[in-house]
Amino acid sequence: MPTLYNQSSDHVENYKGHVEILDGATWYKFDSILDISVLTRVDTEKHYSTNGSKKKTTIGDSSTYQFRVKQSADLYSTLATPTEVRTISYFKNQIYTLPRSLPIISIRAVSESNASSNAFIVDQFTATVENIDEVREEGKGVQEVVISGEIITHTSDKRQAAAP
Amino acid sequence: MASIDFAGDIDRIIAILANNTILNNAMRNIKFGESDYLKYDDPAPYILVTAPNSPFKTRDSFGIGEGSADPQHTAQYLIKIIVDSKNAEKSERELYGFIKQVTDILKANPRLKEPVGLTDPKCIRSFLFDIPIEAGKRGQERLVATIGIQCQVGSAFTLDIAGFTGIPLISKPIEREIETVENIYDTRRIRKNISSINETHSFFAEIEYINAQISALRTLKRNRAIVSTTLTRPSGTTVYSGKVTEISNAAAFDQLETVTIKFEVIH
Chain A
0 MPTLYNQSSD HVENYKGHVE ILDGATWYKF DSILDISVLT RVDTEKHYST
50 NGSKKKTTIG DSSTYQFRVK QSADLYSTLA TPTEVRTISY FKNQIYTLPR
100 SLPIISIRAV SESNASSNAF IVDQFTATVE NIDEVREEGK GVQEVVISGE
150 IITHTSDKRQ AAAP
Chain B
0 MASIDFAGDI DRIIAILANN TILNNAMRNI KFGESDYLKY DDPAPYILVT
50 APNSPFKTRD SFGIGEGSAD PQHTAQYLIK IIVDSKNAEK SERELYGFIK
100 QVTDILKANP RLKEPVGLTD PKCIRSFLFD IPIEAGKRGQ ERLVATIGIQ
150 CQVGSAFTLD IAGFTGIPLI SKPIEREIET VENIYDTRRI RKNISSINET
200 HSFFAEIEYI NAQISALRTL KRNRAIVSTT LTRPSGTTVY SGKVTEISNA
250 AAFDQLETVT IKFEVIH
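Here the protein sequences line up with chains A and B, keeping their order. In case it helps, numbering that gives the first Met the number 0 puts the first sequence at residues 0 to 163. In case it helps, numbering that gives the first Met the number 0 puts the second sequence at residues 0 to 266.
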């Protein structure tokens, strides 16, 4: 008999999760996180060995992330040259101001499961901000922002006893 | 609080009638209680305000529990008009005139508010249920008509909103606090858990259509601001924060037009 796992008693429940972004030494938590996806994509080259068996060699990765939040005033800076790394103003200033540069942010996706111990799963990484979609959509009460980019550094993705 | 206060209610009816200068000047007396039949003390025309032999009309199938410790009750009062004019015709004309005056005055103040400041209502609503003229005295100079008024006293459910306090609810509020969930099944499709998706919380309150109140509620709804409201039940009071999202006319019947408002609660 196989050992059963992935049971409901260990499920990660949506409503308990949140996302944090690092600004200086402070982690800021999005209070209206709607979606987040972290897609790990390994780029490979395939070939056959001298004996004919299939081989795959890693040549890099194309891992990406995307999250969607409700648009709020504190996602924007009041400064002409924004310094708050957590703001869209900062991202855009980095992207558009010459010399152009790609914003790099640190993200922590925190999930909480029903497990009786080590209930938390924390996926931490640094990533670029390459897409910023600010959307006013009919039928929605609050405008939304979708931010996505490519993961540069994987810090950790582990189970732990407490939320960070 | 729906306390039984027959004397207070009768005093209020007397105050309302006495506040009408025309009626008050026409009457020799507007008096508390039943006649003591000392005619020399009661020169007509005069009014006696009293209660019937069985003034308490509340009927309740369930009785009072801890959750309904302050129910409404229904009480009846009698306004007896006694006239004694020069002849039968004049008496009857005079009697009908006073009946019109008294009923107009009472219908203009159906909640039996203090007549000067129009505050402190004694009842939620009232209606005139009977106006018999004493049969044995028909065709005589001394005539008696009795106006019966039935009052709904106290309100177990009230709402404070849009600057109004103590708006009586016509029916019990319907409150819905709903957790939307996803069913979690195992390999045998046995439900092993329900996982929360989100929650909603709202209540419906049915009130009488009073133009000033509905107008204020519409303004409140269109301002789309988060407001505070207080819902009072027999078992206690709850303060809610949220928005008015619906104002719907309910079916009208008899003389009562009602409106149901929906209040979306936020936490």
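Rather than coming from a laboratory, the hints here were simulated on the basis of the structure. All C-beta atoms in this analysis are idealised placements derived from N, C-alpha and C, irrespective of residue type, glycine included. Check before you lean on any hint, since a few could be wrong.
Stated by the list, open to error - Facing chain A, according to a computed beta carbon distance under 10 Å, are these residues of chain B, among others:
1) Asp159
2) Ile177
3) Asn197
4) Glu198
5) Thr199
6) Phe202
7) Glu205
Exercise for review: Verify the interface restraint on Thr199 (chain B): the C-beta must sit less than 10 Å from at least one C-beta of chain A.
Suggested key: violated (14 Å)
Practice item. Let me know if the C-beta of Glu198 (chain B) comes in closer than 10 Å to any C-beta of chain A, holds or violated. Key: holds (9 Å)
Practice item. Would you settle whether the hint for Asp159 (chain B) is holds or violated, based on the nearest Cβ-Cβ distance to chain A being less than 10 Å? Key: violated (27 Å)
Point to revise | Restraint check, 10 Å cut-off on beta carbons, for Asn197 (chain B) near chain A | key: Since chain A brings a Cβ to about 7 Å from Asn197 (chain B), closer than 10 Å, the hint holds.
Check your understanding: Does the CB of Glu205 (chain B) sit less than 10 Å away from some CB of chain A?
Key -> Violated - the Cβ of Glu205 (chain B) stays beyond 10 Å from chain A, reaching only about 27 Å at its closest.
Check your understanding: Per the CB criterion, is Phe202 (chain B) less than 10 Å away from chain A?
Key -> With Cβ-Cβ at 20 Å, over 10 Å, it is violated.
Point to revise | Ile177 (chain B) as chain A interface residue, shortest Cβ-Cβ below 10 Å | key: violated (14 Å)
When each numbered hint is compared with the structure, violations occur for hints 1, 2, 5, 6, 7.
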